[in-house]
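Enquirer: So the chains spell out like this:
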Amino acid sequence: MSPISRGFHGRHRSEESPGRLPPGQYWTSDFPVLSAGPTPHTPLSEWSFTIDGAVAERRSWSWAEFVALPAETLTTDIHCVTKWSKLDTTWRGVSIDTLLGAVESSAEYLTAWSDGGYTTNLPREDVTDGKGWVAYEYGGGPLEAEHGGPARLLVPHLYFWKSAKWVRGLTLTIDDEPGFWEGYGYHNHGDPWREQRYQGD
Amino acid sequence: MAGAALPGRLTWQQTQVLALVEETAQAKSIVLTAPAWPGYRAGQHVDVRLTADDGYQAQRSYSIASSPEDSELMLTVERIQDGEVSPYLLDELRAGDQLELRGPIGGYFAWDASLGGPLMLLGGGSGVVPLRSILRHHAAAAAPIPARLLYSSRSWDEVIYRDELTRLATEDRTDVRFTLTREWPEGWSGHRGRINRTLLETVCWAPSDHPLIYICGPNGFVEAAAGTLVQIGHDAGRIRTERFGPSGS
Chain R
5 MSPISRGFHG
15 RHRSEESPGR
25 LPPGQYWTSD
35 FPVLSAGPTP
45 HTPLSEWSFT
55 IDGAVAERRS
65 WSWAEFVALP
75 AETLTTDIHC
85 VTKWSKLDTT
95 WRGVSIDTLL
105 GAVESSAEYL
115 TAWSDGGYTT
125 NLPREDVTDG
135 KGWVAYEYGG
145 GPLEAEHGGP
155 ARLLVPHLYF
165 WKSAKWVRGL
175 TLTIDDEPGF
185 WEGYGYHNHG
195 DPWREQRYQG
205 D
Chain B
755 MAGAALPGRL
765 TWQQTQVLAL
775 VEETAQAKSI
785 VLTAPAWPGY
795 RAGQHVDVRL
805 TADDGYQAQR
815 SYSIASSPED
825 SELMLTVERI
835 QDGEVSPYLL
845 DELRAGDQLE
855 LRGPIGGYFA
865 WDASLGGPLM
875 LLGGGSGVVP
885 LRSILRHHAA
895 AAAPIPARLL
905 YSSRSWDEVI
915 YRDELTRLAT
925 EDRTDVRFTL
935 TREWPEGWSG
945 HRGRINRTLL
955 ETVCWAPSDH
965 PLIYICGPNG
975 FVEAAAGTLV
985 QIGHDAGRIR
995 TERFGPSGS
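Protein sequences, first through last, are from chains R and B. The first sequence begins at 5 in my numbering and counts up by one. The second sequence begins at 755 in my numbering and counts up by one.
It is worth saying that the hints were derived from the structure and are not from the lab. A hint or two may mislead.
Unchecked claim - To be clear about the criterion: a stretch of chain B counts as covered by chain R if any three or more of its residues have a C-beta under 8 angstroms from a C-beta of chain R, and this derived list gives those stretches:
no. : region
1   : 776 to 790
2   : 907 to 915
3   : 918 to 924
4   : 974 to 985
To be verified - Computed list of chain B residues with no C-beta within reach of chain R, every gap over 12 angstroms:
no. : residue
5   : Gln798
6   : Glu826
7   : Arg833
8   : Gly857
9   : Val957
10  : Ala960
11  : Arg997
12  : Phe998
All residues carry an ideal CB built from backbone N, CA and C; glycine is no exception.
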């Protein structure tokens, strides 16, 4: 039981859509940027997307091949572990169901890896059945580099560090292997509705 | 970007406010009793949680300003206009109050002597807070690693930890430079204007010296500094960033 903070009343409780706000979060109209290093700027001519690891045969797409894949447009709320949430963001990208459909694998985990060295781990079931995308448009335009462009992972039902910016591939793994922030004490799964911010939450 | 495991559950803890220090017109330091935790690394942050009498809660993250050697925990908070938590911490919180927090959090934007140097720190506005922790830790460590801070602020009045940083600048292993972007005191001999390539080439070590670089500030500052350093030839893998505030989108 938390003690009362003398003189604190809170100002944002009458906010819109309280039922859509996970515990400990607040709505923002901004789109804050959080990254552990410099923003990479990989030219599209050198960009590719690769699925490898525990697969029968690895698969790779050039940028032109990737944007020719069937794409979906979706509108969703996103939730950052640093407490901000953003309502009704609109994205366009390729469903991970489509990408994993191109390889044979029974692996139950995967690691998304990015330009700049960032990684994050996810159970396969958290990114399939319409729960994950590789997005290359935001708000109707190309995804800006500082928000993860040319393409980022989009797994909106988990905290947004799981939605790896500048994603370049998925490595399927038999065992669950902690990614970058997961190795620094952030929660392995990251469900905002269960407030899984840090290890042990 | 290799991860280093820092296990252990982060439980909410009660700390007591020992003192509030006005750093600038818009920023205060909150000096707290040390939480019951195994300690922290210079550059890490904590989550602060406020609770209203009807049970409503709000959480925010704040960088730790003190260094692991300090007996008390210090946070420095800058006012966010229309914010929910920072105005409370700046205007309402008093010595003797309880403040609930948990941590330490993070670990990539952290420095200790084992990581080596030369240590280049770039701070914009209140982005200097975790860099103060790192500089104090560096000053306390006996290792002969040179450190340099470039601190960009709008004006001399908005420089946080002004006296302490000016004093640190006189130490042998530590070099502190200021650049003021909007107003300068009369006779100002420091740098003027926003950071750019020329300033970074002047102040930062050369890429061939392989400095370890920490950049913290508003996103625009960090994006400009990190991007320019990569253009100059610095290894992106030696540049660690922490960003805050709106993106402007």
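Enquirer: Each of the hints needs a verdict: does it hold here or not?
Expert: Now the hints, each set against the structure:
1. 776 to 790: With 0 residues close enough to chain R, the hint is violated.
2. 907 to 915: The restraint on the region 907 to 915 of chain B is violated, since only 0 of its residues have a Cβ under 8 angstroms from chain R and three are required.
3. 918 to 924: violated (count 0)
4. 974 to 985: Answer holds; 5 residues pass the 8 angstroms Cβ test.
5. Gln798: violated (10 angstroms)
6. Glu826: At about 20 angstroms from chain R, Glu826 of chain B clears the 12 angstroms cut-off, so the statement holds.
7. Arg833: holds (14 angstroms)
8. Gly857: Gly857 of chain B not clear of chain R: closest Cβ-Cβ about 9 angstroms, inside 12 angstroms.
9. Val957: At roughly 18 angstroms from the nearest Cβ of chain R, Val957 of chain B sits farther out than 12 angstroms, so the non-interface label holds.
10. Ala960: Label holds. Min Cβ-Cβ 18 angstroms, cutoff 12 angstroms.
11. Arg997: Violated: least Cβ distance 5 angstroms, not greater than 12 angstroms.
12. Phe998: About 7 angstroms separates Phe998 of chain B from the closest Cβ of chain R, which leaves it inside 12 angstroms; violated.
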